[in-house]
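Got two chains here, separate frames each, mind docking them using the hints?
Each chain, written out:
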Amino acid sequence: MLYREAGQFKTSYASDFAVFPILQDRIGIAIILAVAFIIIPLTGNDFLVNAVMIPFLIFSLAAIGLNLLTGYTGLLSLGTGAFMGVGAYACYKLTTIFPNVNIIVWVIASGFFSAAVGAIFGLPSLRIKGFYLAIATLAAQFFLEWCFIRIPWLYNNNVSGAIEVPQRELLGVIITGPRATAQTRYYIVLVLVVLMTWIASNLVHGRIGRMWMAVRDMDIAAELMGIRLLPTKLLAFAVSSFYCGVAGALMVFFWYGGSEASVFNINQSFTILFMIIIGGLGSLLGSFLGAALIYILPIVLRFVPPALGLPLQAATVEHITFMTVGILIVLFLIVEPAGLARLWLIGKQKLRVWPFPY
Amino acid sequence: MELLYQIFVDPFVQMATAPDLFVQTLWEGLVGGMLYALIALGFVLIFKASGVFNFAQGIMVVFAALTLVGLYDAGLPAFLALGLTIVVMFLLAFTVERAVLRPLVNQPDIILFMATFGITYFLIGFGEFVFGGDPKVMVTDGLFLPKGAITYKALGGIVQLQKLDIVAAVTATIMVAALGIFFSKTRIGRALRAVADSHSAALSVGISLEQIWVIVWFAAGLVALVTGIFWGARSDVSFALEVIALKALPVLILGGFTSIPGAIVGGLIIGIGEKLGEFYWGPLVGGGTDAWFAYVIALVFLLFRPQGLFGETIIERV
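In order, the protein sequences belong to chains A and S. When the first sequence is numbered by the numbering used here, its final residue is 1210 and no position is left out of the sequence of numbers. When the second sequence is numbered by the numbering used here, its final residue is 1368 and no position is left out of the sequence of numbers.
Chain S with its partners taken away, still in its complex shape (with noise of 0.2 Å):
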């Protein structure tokens, strides 16, 4: 009884008595899910266009930040820095299609898996060897990131904001829409639903796939600089930020493999029920439960819909 009622009544109770400190624990798995969107986002890009499951995104978004702060770092003004970054970004991906994707087109998906890990592998040895394995502390004043907190006074308390999570909240708003109409109205968006729906249709009505798997994985390569950038601020700049992208997985579960907004929302509901779940629940079995919740979450919901929230239906045939 007592159990039960720990479980099911007492973080109910907690809520509704401090509802500032609920606010706060729903705004930080808010941002916090946000970032897992972003870092998903890159993963269903480019499984879109390509049907590769791309493990290296993780990666990719170290590699990217790291990039950035190495740059930084030799003397670069910051904005050159970014914008030297984005380079080599597409360096990165056009080598990509070139060395990975290209000799390895129509093998099994899970050769293709396996690659990535390859690519995890070497831009991990990369990245440390040219920029060095210790943590680095992300560029924020040079790229006028705001620092500090907004502090409400509301619903019986303090409710506290950082100004980098609004703007890094903003900003992921603004790449998604950007992505969204860049899918749905331009001429390159266009070819690349094509590409998605089916390969060799793409390619008969004179689509260039491998142009399009460049412009796929450099687009997932800005997300991952994108997400870099933040969550870099939020913490050091480390190869120790590659176990969030195993965070993002259950996100993509949650939304579907080919959904942008189900990437969207399963990151949200995976960054809220996380902080909820272990500020409410977590005590209870004594802590640290993020490390699992998000998958028990996601596993949860796919005995129900085993596609997805948004993913397209499962359809097999003999």
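If we strip away everything but chain A, and leave its shape as in the complex, we get (with noise of 0.2 Å):
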């Protein structure tokens, strides 16, 4: 009843094309964009905004990277850590070679360093395929890691072996270092990640998108229509490192505030992937739901057994919180593998019809 498009046409095909043909869409996504612009840094506690907001959005922009290259793409990939990683210390090199311009433009910048690995360790990818270029993948990933530890110039010279964000300005408001607010990084955050939202999106829905997703149906019948599969898969590499660069950038120097190489590892990755699979795979809503549901659940469930009057140990909260996520996984694969994105539309669907049956 609420839900309804009935009565708007689309006179142009402009509007035929449109990312958000529908009326209800639009309000939707403007009420959500404003609840993440001024409702969420006003009335949010410090907790929320630096310690669930900003994560989620970063992660979220890992999880779009990934999503490109193996919801749109086709091409399993286990090394957005390391991608992630590649983005973080070039940021930290960049901005402490030049400190004096703005960090912003180097956390633009870093992503391209990102994407110039991420299309080197792609190569392989124009042969193998599958679980094959996963494990390939991985090679990156460890090769990778080992280089953050073991090449010092990355980390200049630091003693302890790990980066520390120095302090940035913009516009004379301080924006990071331990100095910077939550309400300022996640304001900083919550543009680059609409803003390359916006971008992804416009990208899957043009000629990019549609080769990328030609090569994912079936990469013969797509170069038999002429889709180049070098270049494209190759730019499937580089558009994804870009987004986890820039992604990994964002998490050292607006969320952390240092990090080590260890943050940057498999796990980061693993991470990443349960993301866009519980998700939707070739969703970008998918790649915020499932960074929602991976990243805030343990949180949430972290606090139950307090809430419920259970005195348990921090170690045995741990251990169930794993337990749940791990059955939590395979019973969304049970009730809807195609995921969170999936369900969404079943429930927009549903709206469509209510208050009948049908």
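Hint data in this document are derived by calculation from the structure and do not stem from the laboratory. Heads up, some of the hints might be wrong.
To be verified - Quick list of simulated restraints, FRET-style, between CB atoms:
1. A/895 - S/1261: 54 to 60 Å
2. S/1201 - A/1150: 49 to 55 Å
3. A/1073 - S/1124: 57 to 63 Å
4. A/854 - S/1243: 54 to 60 Å
5. A/878 - S/1292: 43 to 49 Å
6. S/1292 - A/972: 26 to 32 Å
7. A/854 - S/1124: 58 to 64 Å
8. S/1123 - A/1010: 38 to 44 Å
9. S/1156 - A/1026: 52 to 58 Å
Said to hold, decoys possible - Computed, partial: chain S to chain A, Cβ under 8 Å:
10. 1168
11. 1174
12. 1289
13. 1300
14. 1341
C-beta: ideal position from N, C-alpha, C; glycine also.
This is the structure we're talking about:
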């Protein structure tokens, strides 16, 4: 009843191609943006903004990156963590060598470094695919992680072997380093994530996205139709790594405030992969939903036993969280293998006909 | 020039001048490789029979070892603990088939792959919940595993072979031979190979997929238990062992996902290559190369043989 597109006529090609062709969707997205831009920073406490929203947005960005590669182009990658690391370390090196250039410029520029590295490690994708490719990308993961530890130049020969975020300003406001407020950092992350999601949405709805999807569905057929596999697959690797690199730079500069190589280990790659599979392969919305579920679920689970009055030790809670996440992953896959994004589509269909059964 | 000399000449000079060290390194690589091969074997068994890329194999190794140690620490005699662990591995196989594989039948590979992640997480949480997260010491005396080393004076130096490693090598060989016979000679083995060839054809001649899956997961569990015992005896039993599971992945690439001999040969190549690489070439780049050396070997192989050494040729049709 509320969600009905009857009477919304499309009178031009532009409106027919619109990403949100239905009025209700546009209203919904406006409400979400309003909540994200105004209500959360104004009303949320430090915990919500700093420990929930900022990481959620950053993980969403990384998940979008991986989704472009795995969900849209069908190339399974387990090197996400390392590509995020390339972005973080590139950003760190750039801002310490050229401290006067704005940090936002370097965050975006670090994405290009990540893209270049990603394209190099994407080269085997021309000969192999599926699980073989996934393992080949593990080579990137372990090799790059080793570089982060063994090449002291990358962390400016720090004794601790970690990178620490220097203080940087934008228009006189401190945006990085320990003195930046959570709200400021949140706004920067939010603006970048919204911007890059918009770009990703345009990419996947356009010619490039269709090329990727054709390659995903059957690469030989795509080749026969005149899609050149080499540039298409490498472009997917480059764009995906660009997103992951920016997410990695954001993660270190606007969330952790400093990091070691172990932040970008194999588990990070797996976490991002969980997010897109639970969220929905080949769906931008799914990237957000998956990131929300995988990142926020353990936080919520940690609060459940105390709320029920069960006196459990922290380690026990940790173990139970692990078990619950494991069970939930299997359960979600059984109930809806196509991910949360598909659940949303089903829900939308239900809304469309409500209150009638069909 | 200097660098080229260090890369291409110096290591070989070292090998020739100190053959005892070379043999020692080779042996250590061989033993390490054998354990990789055993984990890879578990992967291959499950992949062949059900097409599932079982990421949980590494955790099954740890879980089996942890169960064995946990039961032993609870006061049971070692062999009873071993028997009970085998029962636990069977229950695990049964539960996985019932709760995970059966509802997910006919789903794409990546979904099943993902489901094994769920199993991994569950087993980590469950294992630590029941047995605690501290590193444990493997039962060795109770299972009559020998300690100490045999020392040879050979090649102008001393070569030391750990007795444990010798036993591990012998056990692994026996197990692989037994699996080979099981696959080629028995009725269940033939059914397993039929399922590996084609699920629907196997179903149509009356082979029960569910039963085969339980058997194959159980077999993988047994392999995991053996691996866990020997790997646990070399170091502590804890979830840090999980890392070795990731080492088994390049072995799979090298050998091919569907080949048991491939897993063995791949494991040995990776094990030896990794040790020699770290010992002779590692210092040139600052050490620690064994984290990625195996993957690079695998990657180079992939460029020439995408299906692995013994894998079935990948045929694509439009």
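- Message: Tell me the numbers of any earlier hints that the structure contravenes, in ascending order.
- Response: As far as the earlier hints go, only 12 is violated by this structure.
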